[in-house]
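> Chains as they are written, first to last, in the numbering used here: chain U, 1 to 357; chain Z, 1 to 197.
Heads up, a few of these hints could be off.
Unchecked claim - Simulated DEER-style distance windows between Cβ atoms:
1) U/Asp86 - Z/Val19: 54 to 60 Å
2) Z/Glu136 - U/Arg356: 41 to 47 Å
3) Z/Ala106 - U/Lys103: 52 to 58 Å
If you're looking for bench data, these hints aren't it; they were derived computationally from the structure.
All of these numbers come straight from a predicted model, not from anything done at the bench.
For glycine and all other residues, C-beta sits at the position ideal for the given N, C-alpha and C.
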Amino acid sequence: MSEPTKPETLDRVLDAALSRAGDEPVQFDVAAGKVALAAALKTRAEVAEPIAVGAEHRPRRRTRWLAAAAAVTVLAGAGLAASTVDLTGVGSNPASAAEELIKAADLASRVVDRPVGPGQYRYVRSHYTGITGEWGSDKAWTTDSATEEWIPADRRDEWMLRNRIYSVKWVDGHEGEGDPEAGTAFKDGEEFRAKCGMYSYFAEGYPDRCTVGSFHNPTPEFIASLPKDPAALLAKLREEGHAEDAGAFMSALEALRSGQFPAEVRANIFRALAQLPGLVVTDKRANLDGKEGVALGKRYYDDFTEIIIDPDNGDFIGTREVIAEDQSGDKGTLEKGTVRSSSAVTSVIVNSIGARP
Amino acid sequence: MRSDVAPVALTIEDEAPGVLDEAALLTLYESTAERLHRYVARRVGTDTAQDVVSEAFLVLWDQRQGQAYEADAVRAWLYGVATNLLRGHVRAEERKLRAWSKEYAARTDEADIGDRVSAAADADVLAGPLTAWLAELRVEEREVLLLNAWADFSPTEIAVALDVPVATVRTRLHRGRARLRTSLAATDHDFTEDSHV
């Protein structure tokens with residue numbers, strides 16, 4: 001009987017195998033492509049209305065893209081943990097997660113939502129904290145950042161997105177050269193405004209946020225189309241999550257993180273999740289951004305992905321990723337209960353764009 | 001890591017930010033198209049890749065001509081466009097990955113590799129099945145994982161290119177990798193463990 005393969009061995013082999021996977025020599029004639037592109041541009045200039053004229057009608061936008069060199073990903077190792085969760089006895093009573101969800105659903109469904117009135121905005125703030133490390137090196141850093149978004153009552157009006165970076169610090173004993181890369185694409189305070197929330201940095205082809213609804217981007221039409229029956233809603237979550245339970249949970253998580261679902265639908269999402277196998281209470285007193293709630297987690301490989309709900313009113317507080325089992329690696333022992341990352345969500349109505357509660 | 005896809009600096013990188021005119025677009029094509037094509041072809045095959053690459057450049061032209069641009073920004077933008085275009089070819093992509101996996105298995109002589117004991121040999125043996133497992137991933141996980149592994153994008157760049165919060169990118173990347181690691185561990189392959197470290 002051989003020893004179980006070490007995680008770092010698997011990571012190393014995975015990287016090496018990925019670099020070979022699907023690769024084959026391909027022919028590409030740059031010169032011919034360039035000629036074809038030049039021809040296509042010429043045709044466009046002749047056939048289409050002069051694009052330069054069209055461009056004048058569009059607001060000129062200067063897009064800033066920040067590019068980072070290193071390939072990074074989330075890690076957590078010994079001594080890196082910002083906080084830990086006691087996972088002792090977790091999963092011994094799977095029924096309790098469903099009970100907590102039903103309780104939260106009952107509370108949430110009693111909430112009377114104030115609609116976002118004309119001229120008002122839904123303000124959604126996501127506060128992210130997490131540890132990031134670089135594959136194949138010992139460098140690791142913590143990021144404390146937030147995004148704030150103002151969504152108008154009429155989604156066709158102007159939205160605003162603002163990025164905040166509070167701190168980016170090397171983890172003791174895991175320093176690299178210079179300053180660590182912020183765990184976000186933008187500068188602190190950088191701001192974007194656009195109708196339908198189609199900010200200038202989006203890649204072309206991104207679905208129109210006014211018309212294409214999803215759990216991630218819930219348009220009023222999408223919300224209205226969701227089934228009321230929890231089993232049917234779970235089926236919809238599974239469908240969007242590619243028919244898997246883990247995918248369904250991710251869809252629910254993205255829905256809750258959007259901060260845009262009315263309490264009644266949030267209640268239905270909780271009821272749907274109550275029927276999802278494998279959900280357990282991971283932490284009865286999870287503290288996120290000063291709010292305490294009950295954490296419900298679903299095991300996914302090494303981690304519990306959790307949603308945190310306020311047991312007093314059924315509010316959604318945020319999400320966390322917590323190491324589910326002791327691990328070992330060349331970066332040190334990865335301890336069960338280590339919080340890899342967390343994201344606290346605040347969602348309220350404000351009277352003007354840029355206003356905070 | 002990912003030594004075969006070391007980042008290639010764009011030749012225009014050191015110049016002052018210019019305006020995207022026809023000459024600039026063609027220069028950009030010269031410096032990036034082959035690499036973008038290779039990435040896209042690896043996912044969907046070379047025929048579809050030709051179309052996707054051409055379309056990505058035309059979209060860039062339609063949206064950004066006459067505007068100031070930065071080389072890194074444009075590169076991220078092109079890959080973001082290509083990724084969005086590839087979502088229209090998910091079935092073709094999964095077929096391509098599975099076909100490659102089969103074809104690779106047919107031409108790889110395990111007995112030959114079996115004598116060598118190294119991580120490289122492990123990777124040679126496992127690249128075939130791994131490619132088929134890529135086809136099983138959720139498309140959101142796969143695109144993040146492959147932008148990272150094959151196009152050398154950092155999660156931050158991926159977040160910008162795909163308009164997904166960086167936390168979500170990290171979750172998807174972590175999940176994708178975890179899933180592949182588990183599949184690797186479940187094979188009966190006898191891994192070459194690190195001798196030290």
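> Against the earlier hints, flag every one the structure doesn't satisfy and list their numbers going up.
Every hint satisfied by this model.
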